[in-house]
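Asker: One-letter residues, chain by chain:
Number of protein chains: 2
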Amino acid sequence: MVSNKRVLYTKIPTGLPVDGEDMKVVDSTIDLDAELPKGNFILKTLEISVDPYMRGRMRDPSIPSYAPAFEVNESMTGDTMSVVVKSNNPDYKVGDLVYGRTGQGIFEEYVQVSAEYAKHAYVVRNDAKENGLPISHYVGVLAMPGMTAYYGLNEIGKPKKGETLYVSAAAGAVGQLVGQFGKALGLHVVGSAGSDDKVDYLKTIGFDEAFNYKKGDIEENLRKYCPNGIDIYFESVGGKMLDAVLAVANNFARVIACGMISQYNLSKPEPIYNVINIVTKRIKFDGFIIMDHASQYEEKFLKEVTPLLVNGKINYKTDIAEGIEKTPEALIKVLRGENFGKQVIHVADL
Amino acid sequence: MVSNKRVLYTKIPTGLPVDGEDMKVVDSTIDLDAELPKGNFILKTLEISVDPYMRGRMRDPSIPSYAPAFEVNESMTGDTMSVVVKSNNPDYKVGDLVYGRTGQGIFEEYVQVSAEYAKHAYVVRNDAKENGLPISHYVGVLAMPGMTAYYGLNEIGKPKKGETLYVSAAAGAVGQLVGQFGKALGLHVVGSAGSDDKVDYLKTIGFDEAFNYKKGDIEENLRKYCPNGIDIYFESVGGKMLDAVLAVANNFARVIACGMISQYNLSKPEPIYNVINIVTKRIKFDGFIIMDHASQYEEKFLKEVTPLLVNGKINYKTDIAEGIEKTPEALIKVLRGENFGKQVIHVADL
Ligand SMILES: NC(=O)c1ccc[n+]([C@@H]2O[C@H](COP(=O)([O-])OP(=O)(O)OC[C@H]3O[C@@H](n4cnc5c(N)ncnc54)[C@H](OP(=O)(O)O)[C@@H]3O)[C@@H](O)[C@H]2O)c1
Ligand SMILES: NC(=O)c1ccc[n+]([C@@H]2O[C@H](COP(=O)([O-])OP(=O)(O)OC[C@H]3O[C@@H](n4cnc5c(N)ncnc54)[C@H](OP(=O)(O)O)[C@@H]3O)[C@@H](O)[C@H]2O)c1
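For the protein sequence lines, the chains are C and U, in the order given. Just so you know, we're using the numbering used here here: the first sequence kicks off at 1 and counts up by one. Just so you know, we're using the numbering used here here: the second sequence kicks off at 1 and counts up by one.
Do not rely on the hints blindly, as some may be mistaken.
Just so you know, same-sequence chains aren't split out, so a pair can sit in one copy or run between any two.
[Stated by the list, open to error] BS3-like cross-link-like pairs, simulated, lysine-lysine; straight-line CA separation at most 27 Å:
1) K268 / K224
2) K38 / K86
3) K93 / K268
4) K313 / K93
Treat the hints as calculated values from the structure; they're not laboratory data.
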């Protein structure tokens with residue numbers, strides 16, 4: 001018997017989730033010596049990804065949404081990277097690195113998986129051993145957040161060289177990539193973030209301009225840093241930020257509606273006033289959820305983006321918390337804007 | 001010398017425009033016997049179109065928008081149909097029927113036009129003499145409003161048979177056509193309007209369901225009349241109507257952002273709360289202005305829609321006011337929702 005900590009979801013939060021109330025890390029054990037039924041295998045979790053959309057899963061299950069509600073007193077799930085430590089399944093061999101897909105990788109130190117569950121949830125990703133990248137990249141830039149940035153900018157944003165791209169939450173998991181992909185496409189890239197350190201980071205990775213949106217009036221800052229207006233807005237924040245962008249946007253602008261994190265913990269959403277600009281400026285304001293596209297898009301995405309990382313053409317800052325017991329706190333940090341880069345939990349070494 | 005009344009724009013309105021203050025019909029004269037410079041011709045105006053977007057032209061000219069601001073103490077302009085009564089221009093012969101393009105047909109009983117101005121503003125439309133349709137149709141269903149309905153529904157709405165289409169301002173110039181085009185495409189069509197008479201009319205022209213949005217809660221009515229949700233919303237109203245639609249819309253819904261008439265006379269726009277649905281439901285909320293597309297789209301549009309009218313496949317209700325002096329009042333009526341069908345001013349007989 002070995003110790004096996006699990007991250008449980010325990011209650012629907014009101015507002016910002018509370019560690020120990022809405023989520024709890026509990027002790028349990030697993031018998032690594034017991035015989036495995038045919039098709040089963042055991043994963044040791046290496047990395048856990050903590051993402052804003054998890055807040056949306058902490059809801060009354062009767063409310064439909066794109067990602068299923070978490071079940072109370074079950075382990076939370078999300079993107080994970082693991083290694084197979086025991087196996088009775090020829091498709092998952094001991095030593096294989098395995099990616100747990102968005103919403104399906106189980107947040108426990110060890111997980112016994114059936115062939116049936118594995119089919120849709122877990123993918124062998126042994127290239128992660130070969131190319132020298134940190135394993136945490138396989139739940140970040142090379143997983144859901146990276147694909148979100150790439151798909152959103154290219155497929156919804158339809159960028160044209162020389163246009164101005166504005167990115168909010170720009171130092172985060174998705175935003176830092178959007179800006180770098182935008183630069184590679186010849187865009188004028190402007191970002192905002194909630195601290196001066198983050199703003200400095202944005203400049204080091206090639207953003208043309210960056211500002212701290214907590215200082216000064218957002219609309220004024222947008223007019224200052226986007227003197228030619230905004231052609232493409234990668235929207236992660238919502239609320240006042242969105243309203244200011246609608247005011248500053250150019251004719252024929254595209255709003256890539258990826259997320260509205262400033263609204264996730266509010267009981268009543270903030271009002272938006274400038275929607276009429278969508279008509280008068282012929283704005284395209286288009287929502288997307290990457291999971292709708294992942295299965296068709298993943299191969300192309302990995303093929304195009306992995307070499308950019310291997311060759312150092314793209315930077316990716318990760319904010320790593322040590323130990324599975326940090327998972328609830330890390331999610332709360334992300335929702336408070338206290339993460340700096342992609343939030344990951346390092347659970348164990350390979 | 002003959003009398004020549006002109007519709008002047010006289011002042012930027014605050015809120016709803018006022019007849020006699022912000023617009024005035026003034027007397028003047030024109031000499032129909034004077035010799036015409038080469039290229040010039042004289043039009044006698046038959047029909048004037050009165051449209052909501054004119055309110056947007058009554059603004060401080062320093063504020064940019066898709067249609068140029070009206071100039072104070074100049075004649076107002078918009079879609080017109082006229083007949084050439086005198087000509088020194090071989091392209092515009094006496095007796096020709098002439099369409100004055102959106103924003104360019106001059107609101108005077110007689111207009112002397114130069115070849116230069118005519119080139120972009122006035123088009124000979126002699127088929128209007130041949131097919132037995134009322135000439136007023138040539139400033140309505142066969143002009144800007146008709147093309148708006150057709151382009152918006154098809155190009156932005158991307159309708160698929162069996163989907164639910166909801167149309168606000170459904171008994172108006174654009175809306176009544178959207179619904180009928182939708183039915184022809186096999187959609188389930190639901191409309192709303194601001195009086196019971198209008199609602200009855202919608203049912204006679206084939207809307208599957210229609211309701212008076214002034215009675216009862218809009219969201220409740222939408223849930224009742226759109227039991228399968230809303231896949232396509234033809235948006236003409238904005239404000240509370242839009243907010244309710246965002247709540248009821250299905251995943252992957254399209255909002256055809258055509259206009260937001262409920263906001264045109266407000267000094268501060270109404271707040272919208274449900275924008276986060278654009279992300280979670282992957283809504284496409286896309287604005288368009290038909291004038292961006294008119295030149296490439298008009299031929300196709302007229303070819304496809306004219307026979308539908310000639311063969312009685314499509315109904316078009318027109319609200320006709322008699323005499324050019326009714327123009328300001330008619331615009332105010334449209335902005336107050338008191339028109340019933342496409343608002344036109346009958347200025348003179350052919
Ligand atoms: N559509 C999709 O499929 C999809 C996929 C992935 C992510 N997303 C969305 O994309 C956005 C970014 O996700 P991410 O994974 O890259 O997270 P992230 O940016 O790494 O972390 C969230 C960041 O949002 C900012 N933030 C938090 N609360 C805020 C508030 N009240 N107002 C303004 N900013 C706030 C903070 O940065 P600051 O320092 O800038 O405040 C925080 O660091 C989120 O909205 C997420 O839901 C959508
Ligand atoms: N994007 C473009 O290129 C384009 C082109 C043409 C028109 N449009 C827009 O399309 C919409 C319809 O234009 P239309 O020419 O067909 O006009 P219309 O529907 O014939 O007349 C306007 C109608 O809007 C409704 N309305 C007026 N005030 C309202 C309010 N405060 N709240 C709710 N409804 C109100 C009234 O009908 P009810 O009885 O239903 O209240 C009124 O009859 C307008 O928003 C217009 O600006 C856009």
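Asker: Taking the hints in turn, state whether each one holds.
Answerer: Here's how the hints hold up against the structure:
In this assembly of identical chains, K268 and K224 lie within 27 Å of each other by CA distance solely across copies; the values are 25 Å between and 31 Å within a copy. In this assembly of identical chains, the alpha carbons of K38 and K86 lie at most 27 Å apart only when taken from the same copy (12 Å versus 94 Å across copies). With identical chains, the CA atoms of K93 and K268 are never at most 27 Å apart, being 49 Å at best within one copy and 64 Å at best between copies. With identical chains, the CA atoms of K313 and K93 are never at most 27 Å apart, being 33 Å at best within one copy and 67 Å at best between copies.
Checked against the numbered hints listed earlier, the structure breaks hints 3 and 4; every other hint is satisfied.
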